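> Here is what each chain is made of, one letter per residue.
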Amino acid sequence: MGQVAWKALFLSLFDYKTEKYVIAKNKKVGVLYRVVQLSILAYLVGWVFVVKKGYQDTDTSLQSSVITKLKGVAFTNTSELGERLWDVADYVIPPQGESVFFVMTNLIVTPNQRQSTCPESASIPDALCDKDTDCLEGEAVVAGNGKGSVPVWVWCPSEASAWKPLLGSAENFTVYIKNSIRFPKFKFSKMNVLATDNESYLKTCRYSQEHPYCPIFVLGNIVRWAGADFQEMASEGGVIGIQIEWNCDLDKAPSECNPHYSFSRLDNKSAERSITSGYNFRFAKYYRDVEGVDYRTLIKAYGIRFDVMVNGKAGKFNIIPTIINISSGLALMGAGAFFCDLVLLYLIKKSNFYRGKKYEEVKSSSRKSLSSPTLNGNQSPDQL
Amino acid sequence: MGQVAWKALFLSLFDYKTEKYVIAKNKKVGVLYRVVQLSILAYLVGWVFVVKKGYQDTDTSLQSSVITKLKGVAFTNTSELGERLWDVADYVIPPQGESVFFVMTNLIVTPNQRQSTCPESASIPDALCDKDTDCLEGEAVVAGNGKGSVPVWVWCPSEASAWKPLLGSAENFTVYIKNSIRFPKFKFSKMNVLATDNESYLKTCRYSQEHPYCPIFVLGNIVRWAGADFQEMASEGGVIGIQIEWNCDLDKAPSECNPHYSFSRLDNKSAERSITSGYNFRFAKYYRDVEGVDYRTLIKAYGIRFDVMVNGKAGKFNIIPTIINISSGLALMGAGAFFCDLVLLYLIKKSNFYRGKKYEEVKSSSRKSLSSPTLNGNQSPDQL
Amino acid sequence: MGQVAWKALFLSLFDYKTEKYVIAKNKKVGVLYRVVQLSILAYLVGWVFVVKKGYQDTDTSLQSSVITKLKGVAFTNTSELGERLWDVADYVIPPQGESVFFVMTNLIVTPNQRQSTCPESASIPDALCDKDTDCLEGEAVVAGNGKGSVPVWVWCPSEASAWKPLLGSAENFTVYIKNSIRFPKFKFSKMNVLATDNESYLKTCRYSQEHPYCPIFVLGNIVRWAGADFQEMASEGGVIGIQIEWNCDLDKAPSECNPHYSFSRLDNKSAERSITSGYNFRFAKYYRDVEGVDYRTLIKAYGIRFDVMVNGKAGKFNIIPTIINISSGLALMGAGAFFCDLVLLYLIKKSNFYRGKKYEEVKSSSRKSLSSPTLNGNQSPDQL
Numbered sequence: 001m002g003q004v005a006w007k008a009l010f011l012s013l014f015d016y017k018t019e020k021y022v023i024a025k026n027k028k029v030g031v032l033y034r035v036v037q038l039s040i041l042a043y044l045v046g047w048v049f050v051v052k053k054g055y056q057d058t059d060t061s062l063q064s065s066v067i068t069k070l071k072g073v074a075f076t077n078t079s080e081l082g083e084r085l086w087d088v089a090d091y092v093i094p095p096q097g098e099s100v101f102f103v104m105t106n107l108i109v110t111p112n113q114r115q116s117t118c119p120e121s122a123s124i125p126d127a128l129c130d131k132d133t134d135c136l137e138g139e140a141v142v143a144g145n146g147k148g149s150v151p152v153w154v155w156c157p158s159e160a161s162a163w164k165p166l167l168g169s170a171e172n173f174t175v176y177i178k179n180s181i182r183f184p185k186f187k188f189s190k191m192n193v194l195a196t197d198n199e200s201y202l203k204t205c206r207y208s209q210e211h212p213y214c215p216i217f218v219l220g221n222i223v224r225w226a227g228a229d230f231q232e233m234a235s236e237g238g239v240i241g242i243q244i245e246w247n248c249d250l251d252k253a254p255s256e257c258n259p260h261y262s263f264s265r266l267d268n269k270s271a272e273r274s275i276t277s278g279y280n281f282r283f284a285k286y287y288r289d290v291e292g293v294d295y296r297t298l299i300k301a302y303g304i305r306f307d308v309m310v311n312g313k314a315g316k317f318n319i320i321p322t323i324i325n326i327s328s329g330l331a332l333m334g335a336g337a338f339f340c341d342l343v344l345l346y347l348i349k350k351s352n353f354y355r356g357k358k359y360e361e362v363k364s365s366s367r368k369s370l371s372s373p374t375l376n377g378n379q380s381p382d383q384l
Numbered sequence: 001m002g003q004v005a006w007k008a009l010f011l012s013l014f015d016y017k018t019e020k021y022v023i024a025k026n027k028k029v030g031v032l033y034r035v036v037q038l039s040i041l042a043y044l045v046g047w048v049f050v051v052k053k054g055y056q057d058t059d060t061s062l063q064s065s066v067i068t069k070l071k072g073v074a075f076t077n078t079s080e081l082g083e084r085l086w087d088v089a090d091y092v093i094p095p096q097g098e099s100v101f102f103v104m105t106n107l108i109v110t111p112n113q114r115q116s117t118c119p120e121s122a123s124i125p126d127a128l129c130d131k132d133t134d135c136l137e138g139e140a141v142v143a144g145n146g147k148g149s150v151p152v153w154v155w156c157p158s159e160a161s162a163w164k165p166l167l168g169s170a171e172n173f174t175v176y177i178k179n180s181i182r183f184p185k186f187k188f189s190k191m192n193v194l195a196t197d198n199e200s201y202l203k204t205c206r207y208s209q210e211h212p213y214c215p216i217f218v219l220g221n222i223v224r225w226a227g228a229d230f231q232e233m234a235s236e237g238g239v240i241g242i243q244i245e246w247n248c249d250l251d252k253a254p255s256e257c258n259p260h261y262s263f264s265r266l267d268n269k270s271a272e273r274s275i276t277s278g279y280n281f282r283f284a285k286y287y288r289d290v291e292g293v294d295y296r297t298l299i300k301a302y303g304i305r306f307d308v309m310v311n312g313k314a315g316k317f318n319i320i321p322t323i324i325n326i327s328s329g330l331a332l333m334g335a336g337a338f339f340c341d342l343v344l345l346y347l348i349k350k351s352n353f354y355r356g357k358k359y360e361e362v363k364s365s366s367r368k369s370l371s372s373p374t375l376n377g378n379q380s381p382d383q384l
Numbered sequence: 001m002g003q004v005a006w007k008a009l010f011l012s013l014f015d016y017k018t019e020k021y022v023i024a025k026n027k028k029v030g031v032l033y034r035v036v037q038l039s040i041l042a043y044l045v046g047w048v049f050v051v052k053k054g055y056q057d058t059d060t061s062l063q064s065s066v067i068t069k070l071k072g073v074a075f076t077n078t079s080e081l082g083e084r085l086w087d088v089a090d091y092v093i094p095p096q097g098e099s100v101f102f103v104m105t106n107l108i109v110t111p112n113q114r115q116s117t118c119p120e121s122a123s124i125p126d127a128l129c130d131k132d133t134d135c136l137e138g139e140a141v142v143a144g145n146g147k148g149s150v151p152v153w154v155w156c157p158s159e160a161s162a163w164k165p166l167l168g169s170a171e172n173f174t175v176y177i178k179n180s181i182r183f184p185k186f187k188f189s190k191m192n193v194l195a196t197d198n199e200s201y202l203k204t205c206r207y208s209q210e211h212p213y214c215p216i217f218v219l220g221n222i223v224r225w226a227g228a229d230f231q232e233m234a235s236e237g238g239v240i241g242i243q244i245e246w247n248c249d250l251d252k253a254p255s256e257c258n259p260h261y262s263f264s265r266l267d268n269k270s271a272e273r274s275i276t277s278g279y280n281f282r283f284a285k286y287y288r289d290v291e292g293v294d295y296r297t298l299i300k301a302y303g304i305r306f307d308v309m310v311n312g313k314a315g316k317f318n319i320i321p322t323i324i325n326i327s328s329g330l331a332l333m334g335a336g337a338f339f340c341d342l343v344l345l346y347l348i349k350k351s352n353f354y355r356g357k358k359y360e361e362v363k364s365s366s367r368k369s370l371s372s373p374t375l376n377g378n379q380s381p382d383q384l
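Residue numbers (full-length UniProt numbering), protein chains in the order written: chain A, 1 to 384; chain B, 1 to 384; chain C, 1 to 384.
Source of the hints: derived by calculation from the structure; they are not laboratory data.
Fair warning: this is a prediction, and the values are worked out from it, not measured in the lab.
Think of the CB as a built atom: it goes at the ideal place given N, C-alpha and C, for glycine as much as any other residue.
Please note that a few of the clues may not be correct.
Calculated from the model, a selection of chain A residues having no Cβ within reach of chain C, i.e. all distances over 10 Å [what the hints assert, rightly or not]:
| id | residue |
| --- | --- |
| 1 | 78 |
| 2 | 210 |
| 3 | 212 |
| 4 | 252 |
| 5 | 254 |
| 6 | 352 |
Pairwise CB distance ranges (calculated) [as the list claims (entries may be wrong)]:
| id | chain 1 | residue 1 | chain 2 | residue 2 | range |
| --- | --- | --- | --- | --- | --- |
| 7 | A | 350 | B | 350 | 32 to 38 Å |
| 8 | B | 247 | A | 253 | 24 to 30 Å |
| 9 | C | 247 | A | 253 | 35 to 41 Å |
| 10 | A | 320 | C | 254 | 32 to 38 Å |
| 11 | C | 252 | A | 53 | 26 to 32 Å |
| 12 | B | 231 | C | 79 | 44 to 50 Å |
| 13 | A | 317 | C | 348 | 43 to 49 Å |
To give a feel for the contact side, a few chain B residues facing chain A, derived at Cβ under 10 Å [claimed, not checked]:
| id | residue |
| --- | --- |
| 14 | 52 |
| 15 | 100 |
| 16 | 325 |
With the rest of the complex left out, here is chain A (with noise of 0.2 Å):
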C-alpha cells in the first residue's frame, strides 16, 4: 500500500486540528473569565505597552564628550597679595575644560618655600596638615617608615594654616558646557547645543527654568540648585554634580530628544567639618633663582570641583521584545483559562457535572467519570 499510503500521508499534513470545546453555560464562570481577560488586556496594553514601552528595545550605554569653558573674572585684595584680578587662566585646574573642572575660590599661599631644615622640622607631619579635613591621623608613620624616621630636611617655611575665602564673585561666573552624545546601538548622535540659526540667543542666554535647553550656566544658580550655600563651598571646598540626562524616544522626532539637567552635591554636605565634606588639594608654582636653586610657592587650593556626569536611554520598535511582551499576556490568558476551569470543576455546585463533560475517560473501564468526582477532582488541578 506504499504509493497509496504515502500520497495519503501527505495529503493528511494538510488537515486542520483543532481543540475541542465545551461550552458550559454558566454564567458566573464566563463573566469571570471575561474580567480576567479584560485585566490582562489592559495590563499589557496600558502598562506594558503605553506606560513602560515595552514595544521598544532600549540602549543605556552611550558616548559622551563633555567640553567645558568658564568666563568670569574676580578682583581681590588681600594683605598677603595686594590688589589682583583673576581670570580664567588662574583659578581654572586643569585650563583646558574636561568634564571635571575646578574652580579656586580660596587658597592658601606658601611663597619661597626652599628645600632645609625649618625649626619645626619635628612636626613635618603635623605642617603638611593643619585643621582641615584632610589631615590624617598616623600619616607620621605612613611618611616616615620609608626612612624608618621622620625625615628633618623639608620645603620651608611650612605652610601657613590661616586662610580667608577669596573669591566670592565667582558666584557670578558662566560656565558653558558643550555635551555630545552617540547611541552606538542605534548610530544616533545629538549635541546639547541646540542647532540655532540665532548665534546671539546662545551668547546671552542663562539656563533656567524658561531657558531650559540653554548650555550656560552661572556657578551659583548651580549651587543653589544643589541645595547648597556658595559662600561656605567657596571657602571649604565641595564637589557638585552636574547630571545630564538624555531619555530619547527615537520613535519620534530627534528634535524631541533633549537634555535634562540636575545638580546635587557630591561630598558629604554636613555642616560640621567631617573627613568626608570639603574639597582641596595641594600644587606648586616652581621657580629657579639666579643661582638655579629651585623655589616654590604651595599652594593649597579649596574651591568647587564640578563633575559633569551624563547618561541616558534611549528606546527604539523593536520586534523581538514586542513579541515577548504579547505571547507573555497569551500566556497569561491561558493561565486565566486554567484558574478560571478551577473555579468551574470544583467550586461550584454541578461541577460534577462538568468534570464529567470535561473530562473523558478512554481506559476500557466500567468505571464512569460521573462517579468519582473525588479522583478528578485532584487530578484536574495538575493538569496544567
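Model the placement of chains B and C on the given structure of chain A, informed by the hints.
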C-alpha cells in the same frame, strides 16, 4: 472508603490528560496553518536566534582604561618666538596621556603680563575676549557684579588678538592608544594591543584599512577620516572623537573579540565661526623676577582635542533568554492556531458544521449547537 | 428574530468554554509528564527566580564621581638633586585628585634645556628616544616630514638616559578614595564612605580583608593585590586598575548595597621590556632667566598610574520581567505536554487506541479513525 479513595487518588495523579482534537479535513485551512507555523519558525530561528543571537545574555557596561602616548617634533620659525622646536613636553596637554588629550597646534602668546592698570583697562572684558567664539556678551556685567564695578587692576599688557597657525606638521605626529577593557558580567578582559611576539610590528605599523589592529594612529589620518581638514582645525581648534567599539561574541574564541575604530568630529563643523565650533583655552606660565614679583606668560592655546570613547557589547549563551525567546515563539503558534480557527469557523462554507463539532454544548438543553450559528459565531473569537 | 438573537448573543458572551480532555490511564506517560512538570518548576523557581532574580528589573548604567587624595612624604638623597623631600604637591599628577591619578616614583631630570643647536642635534630623534619602550622606529621620518628635513634647532642638552628608582618609600603612601554613585533608573544614590559617626575610624583605618569598607588604601598593598612588584613598577612604571563594583539588590535595605574592591594590572605585565609594558611620560617646567630667555627642565616621569573604574548593577522588583519569566515557564509546560503526547501517541503500545480517542475525525466519511494509524500518526506531531 478512605483507604481505597486515597489510593485511587494517588494513582489518579499519574493519569495522563491530553486535549481532545477535532480533525477538520479542510486543505485550505490546513495549508494556511502550515504556512503560519513555518513563518513563525523562520522568524524564530532566522531572525531571533541567528541574526539577533537571542540565545545570548548581553553585557553593555564595560570597564575601560585608556593610555595614550604621542610622538613627534615640530619646528617653527616666527617673528615672536624665533626658531623653536616643539616636542611632546611642549604641545601635549595634559602630559600624562589620559583618554582625553589635547595637541596644541596654534597659540597666542602674551608674554610678561603683570598686575597693573593698563590704558585699556576699562575695556578689560573685551581685552579678555577677542573675536573668537568663546566671547560671550554681557561678560562685563558678570565679571563686574562681584565688586559692583568693573575692576581697573588687570593683567597687562592685555591679550594680543592676532594669531596664525603654527604646528602644521602636527599632521604627522603619531599617537599610540592602549586600551584595556573588561566585561564585569562575564569576567572577560582584553587589550587592543594584540599579544604579538613581533615587537617590531608594533613599533612600525600605522593604523589603516590594511592594519585594522595596529594601535598607532597618524593624527592627520584621524582628522581626515573624521571628515575634517587638518590645517583648518589646527588653526581654529576642534574636537575629534575616537570611538573604540568592542562587539564580542564570547561563545567564540577570545581572539575573535577585536576592537573596531571609528572617528568623528564632535564640535560643530559648521564652516563659519559659530559659538559651537572650534576649541581653545587659556593657561598661563608663572614666573618670578629678581624682586620676587610674579609675572606670567598668558597662552591662548588652539589645537585639536581627542576624546577616546570606548563602548562595547559582549554576548554569551544563557539559558534564560533562550527559553524566553523559544516560549514566545510557542505562544505565537497558539495565536496562529486561534487565527486559523477563526477562518475555519466563520470564513469558509461548512463553517457551521465545524463549529458544531468543535463546540460541544453540555447544558442539558434541547438546542442543538448547529441551530445557533450566530451565537457560537460570536462567542468563539473570545475563546482565546 | 433580531431582538431575541441579540439578547441571546449578548448572553452567550458569558458562556464559558473549556477544552475537552481525554484521560489516558497510562501510568508511564503520566509519571513522565509529572517529572517534566516538576523539572520545569524547579528550573523556574530555583534558577530563574532564586538564583538569577528573574523578578527584578536591572540597571547597569550608573553615574559615578570619584575623588582621590594622596598622603605621604618621601625623602631622597641623590647626587643630582642632593637631599630632597617629596610631598604630595611634588609627586601627584594631576594634583586635583581625579579618578585617574599618577604617582611619580622615578624621574630623569634634564635641567636647563635651552633652544639651540647641540652637537648631537643630528640625532635629535634618538635624543628624544632612549632605550625605553616608548621609542618608535621611524620617528625621525615622521618628525621630519613636516619641514621635509630633520630640524637642527633643538632643546639642549638632549635628554639624559641613565636613571634609577627614587621614591621606593611611595609604597607606604596612602590614597583616600571617595566614590559616590547613582543609579538613575531607580533614583538611588550612595557613597563608598560609610556614614559613620566615628570620624577617627575613617582617619586611622586601612583597607584590608578585615576592613572591607575602609576607603583608605596603602599603595603597596594595592600593587601587591594586583599581583605586581612595587619596586619593579616604581622604576619601570605601570598602570594599576582599581575596580569598584556595586552589586545592589534594592529590594533589600540600602545598607546592604556596598562596594566591592578589586585590583588588577592594566599594562602588559610581561617581565621583559615590551612596548606594551611600563608607563612614563615627559613634561617640562619652564623658567625665564634674567635676560628673559626661556629655558626648561625636562622631566621624564616614571611611576604608577591608578585608574579607578566604577561599575555596578542594581536590581529591583518589577512586574514585567516577573510575568515574562513566569509565562515562559507556562509555555514550556505546553511544550512538555506536546512531548508527552508524542510518547503517548507513537511510542507506547496501544498508541493507536489513544490516537483514535484524541483525534476525532469530523469529515462525514465511512473511515474510522482507528483504521488510519499512519495518517494520524504523521499528522499529530504537527499539531503543536
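> When the hints from earlier in the document are held up against this structure, which numbers fail?
No hint contradicted; all consistent.
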